[in-house]
Structures are given as C-alpha cells and as structure tokens.
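**Student:** Below, each chain spelled out in residue letters.
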Amino acid sequence: MKATTLDYHRLRLGYDRYVRYLLFVCAFLMTFIILSIIIFVGKQGLSTFADVSPVEFFCNTKWDPGDGQYGALSFIVGSLLATMLAVVIGAPLGLTGAVFMAKIAPPWLREVMRPATDLYVAIPSVVYGFIGLTIMVPFIRTYFHVGTGFGLLATSIILAVMILPTIISISEDAIRAVPRPLEEASLALGATRWQTIRRVLLPAAMPGILTSIVLAMARAVGETMAVQMVIGNTPLLAKSLFTPTSTLTSEIVIEMGNTPFGSAWGNSLFLMALVLLSLSLIMIVAIRRLGRGRVV
Amino acid sequence: MKFSTKTKIAALVSALVLTTGLLGGCGGSTKEPATAEIQGTVTASGSTALLPLLKPAQEEFQKKNNKVTVNISGGGSFTGMNQVVSGAVNIGNSDVAVPDELKDKGLVDHQVAVAPFVFVVNPSVTVDNLTQQQYVDILTGKITNWKEVGGKDEKITIIHRAKSSGSRATIADIVLKGAAFTDNAVIQDSNGAVRAGIASTPGAIGYIDAAYVDNTVKGLAYNGVKYLPENVINKTYPVYAYEHMYTKGEADGPVKAFIDYVLSKEFQETYVEKNGFLPITKMK
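Which chain is which? The protein sequence lines are A and B, in order. Heads up: the first sequence runs through residues 0 to 295, numbered per numbering that gives the first Met the number 0. Heads up: the second sequence runs through residues 0 to 283, numbered per numbering that gives the first Met the number 0.
In short, the hints are calculated from the structure, not lab data. There's no promise every hint is true.
[Claimed, not checked] DSS-like cross-link-like pairs, simulated, lysine-lysine; straight-line CA separation at most 27 Å:
| hint | chain 1 | residue 1 | chain 2 | residue 2 |
| --- | --- | --- | --- | --- |
| 1 | B | K104 | A | K238 |
| 2 | A | K61 | B | K154 |
| 3 | B | K141 | A | K238 |
| 4 | B | K104 | A | K42 |
| 5 | B | K281 | B | K264 |
Starting from the given sequences, assemble the full structure and let the hints guide the process.
**Tutor:** Okay, here's the thing in structure tokens:
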C-alpha cells in the first residue's frame, strides 16, 4: 500500500516536470514566432532600399510602382490622420461613458452596459466596414454634398466606434481603482460630485486613461478591413475630410494579392508593414511608460 | 499508472507536433514523375478570377481520372506565375500575360478562356455609349463632368481596381494604350466591391468582368458596340483578355491531361460560359 502511494507521488513529480517542459517549449515557440515575423518583415521591407531611396519612400507622395515611383508619404499621413481623428472623436465619448459607468450609473444599469460594451469587441471589423460602406458613406455624400463620401471622415467615425470599447473598459477600471478614501475626502471637504470627478478621480486615474487611449490608437492604426472599405484607397494626400485617400493597411491589403513577391513593389509593401510595426511598437513602449507612472 | 504514462506521452507528442508543424510548414508540394498512365498530382495556384472556373474542372477531371489529385489555390496572378517559375506548383494561373522579368524563365502559355470586361456606370448616368477617346479622357482625368460627353451636369467619379490588378492592366493596355490613369479615383479590391461602389455613387464609372454586370449598374457600349458574347467573338467588341495557365516547359503527364481537359470542347461548352467567361474554342 505504502509503495503504491510513493509510486504515485513520484509519477506526479515526473508529470510535473514534463508539463514544465511543455510550457517551456510553448513559451519558446511564442517568442520564436514573433521574432521571426519581425525579422522577416524587416528583411523584406528594408531590401526595398536597394531600389528606392528612403527619402523618396518617406517624403514623396507619388505612388506609381509600375512607373518606378514609390512615394508612400500619403499612406503614412493617411494612417496617422485617420488614427488621430478617430481618437479625437472616440476618446471624449469613451471617457464620458467610462465615468458614467464607474461612478454615476446605478448598479443594474452598469450590469447591462458592461456586457454591451464588451459586445462591441465581438463584432468583426468587416461588419463595421460594411455598415460604413452602406450607411455612413452615402450619408456623408448626401449630407455634406460631396462627390463620393469615401474619405477620412467616414473612416475616423467608423474607427472611433471600433475603439470605444477599449477606451471605455480600461478607463472604467482605472477610475474604479482610485482608492475610495480619496473620493470621500474630496466629498467631505465639500466638493460637489462633478468637482470630485474632475479634480480628484480623473487626475488620479490619468495613467490608466492614457493607456486606454494609446491602446485604442494601436488598434486604430492597425485596423484594415473596415478602413479599406470606406476610405476610397486613392494613393493621394487627402485635401479634405471628404476626399478619398489611403492608409498603410488599406494599401497593403489592396495590392498584396497581385504584387510579385521579392520585387521592389512587393518589398515596398513589406516596408509599409514595417512602418506599421514600428508605430505599434512605439505605442507599446508608451503604454509601458504610462503603466509605470501609475500613481495609485 | 497506465493513464499517467499516456498523458506523459501525449505531452511529449504535442510538444513535438508543435515544433515539427512549425518547421515543416514551409515545404512546397513536389511533382510526381510523369508516366504514360495518368496518375499523380497536379498543383495550380494564382488568379482568383479563374478559381470559380477551375473548381468544376478539378472535380470533373478527378471523377474521370481517379488516380490524379488536383489542388488549386488562389493567391493572385503574380503569385501563381512566381510559384510556377520556382517550381512550387505545376500550373500558374494568370489574368495577365507574363511580365518582362519572367519572360526568360521558359514558361509555356495555355490560353484557356476569354474574360470580357464591361464599362459600367451608376444608373443615374444618362449616357449609353462612349468612344474610346472619351474613355481615355475620363480615365486620365481630362473629362470630369458627364455634360462634356453628352450627359447631364454631374461630376464623374472613377471607381476601379488597384495598380497591381490584372483587370486594370488589361484596360490600360486595350483602352488607354499607354496613357496613365488619373490617381484621383476610388480604389476597390474586387469586382464585387467596384460594382457595389458604382451602384451607390451617383455619377460613378468603372469596369468589371462581364460576369459581374447586373441590374444595379448600367453597362456602357464601347465605340457604339454593346457587350455581347457574339460581339467579342466577331471581334467588334475589343475589351477582353485571355485567361492563362502557365507551365514551366511543355506540360506532360497529369498536368497536360488536366490542361487538355480544361481546353476540351466538352468542358469549354458546359462550364466556361456559365462562369462568365467565353469559351476559347469559339474565338477565331
């Protein structure tokens, strides 16, 4: 009897060891995969510079690879503008939503709203794009009396809706995480509810709120399908919010299927991907910085 | 005890599978040696426009030759041509002729179908016909209002395909004859998306594969000739391209048998027109 228990114990130990190896292999694989992706994209992307000068790629807007012109500035500007505008529209909306859910809404309403915001995330981006294409674009065209309705405005509105759940849920957590005594002290000093929110809660939760905004930007800059459907994909700098333009992601997805791999054209698409990757990387670094700055 | 040993093995195996799956995933398919009897594997990749046509060909051909396996995937015309050059596949499907940089790689062309294109406009446009010169002026951005070509006062919006698209290359070749498209246009990445964009944008013009024309858009005549299969066959309607299946060197064995089947009268007459192409057998 005693022997079998010991046996069993030894087995458990051995089993433990193998699970450890398994986890180790998985962790190694994860790192290996992400590194290979970065190295591959980097290698393909940087080999563009064998045919195209960096100045042309980053500072020229004339994109005509069939004619040897690889100016990608309009895509970079398009990506940045669309992201910024989406945050300008989405952040105030999301933040007020977060404050409402964290501090103002009665518990039963919060119970309804929280899953509802989570549901936003579950909607595939192609659905957002489809709604944008069939409702937003014609609406902008008729309401603003412009040629097509495709462009930055339609894109940033769609993106703003897409980044709302990120901003709402992370900001709400940050606001709720502010220690109760801070809030109570403020109220005890005679501050009104709004003064407490504005002067105490929001400043205390600021690192978390900023993190949510940067995360939202990372999502917006990488969004492809929905953007590609409503931006118009014209390789020109946008003259207004209503003229069709293009972003890094939409240009890659539109051209990749028919672009010879390994040609300067194909490589320049990888270079765009590398630019995107660097943008995301910068944002991730920013988030880590912000996370460290968390006060409470 | 027995159970635990099993779990140990399972853990090891899954770790192994994960690793080998990653390492082995990059291997290409290999070509079976050709023999007199038709058997082996045929792999093809490339044009997505040709996929709906080749799918029934694959099914019917495998039914007739049950020792042959045919694999067809998409990826785009250039992907197909690159892969056939590198030997990753037996057949590269393409909407466009071989580009200059692949011309010396010994690719053999098999023209398997004719793909006609139609210029379509939003139903709000009152014009029914444009001359080639008018198409050129519109697509290069010289004419920007429908009233300049006999329509009502309405801004022209061009909605068409990306620079890498085979359809766009065909139009550039046949209609523009070397002139450059204006960049001031909305770009969509498929026939269906172009059609949807034109259908919902007043004053829009674009071109799509003839198979995609439906009543949400209005087809335009070219130099006074409406698109009809007969007009392509008697060469009065010039806006069409050949669909190609490229092999590296002359095709043999199962690859040749498959291409021969696609070219056969039986297949051409039953399936090609059904999928929006014109049978190559009818072209003179």
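**Student:** Now tell me, hint by hint, if it's right for this structure.
**Tutor:** Comparing the hints with the structure gives:
1. B/K104 with A/K238: Violated, because 45 Å separates the two Cα atoms, which is more than 27 Å.
2. A/K61 with B/K154: holds (24 Å)
3. B/K141 with A/K238: holds (19 Å)
4. B/K104 with A/K42: holds (26 Å)
5. B/K281 with B/K264: holds (10 Å)
In summary, the one numbered hint that this structure violates is 1.
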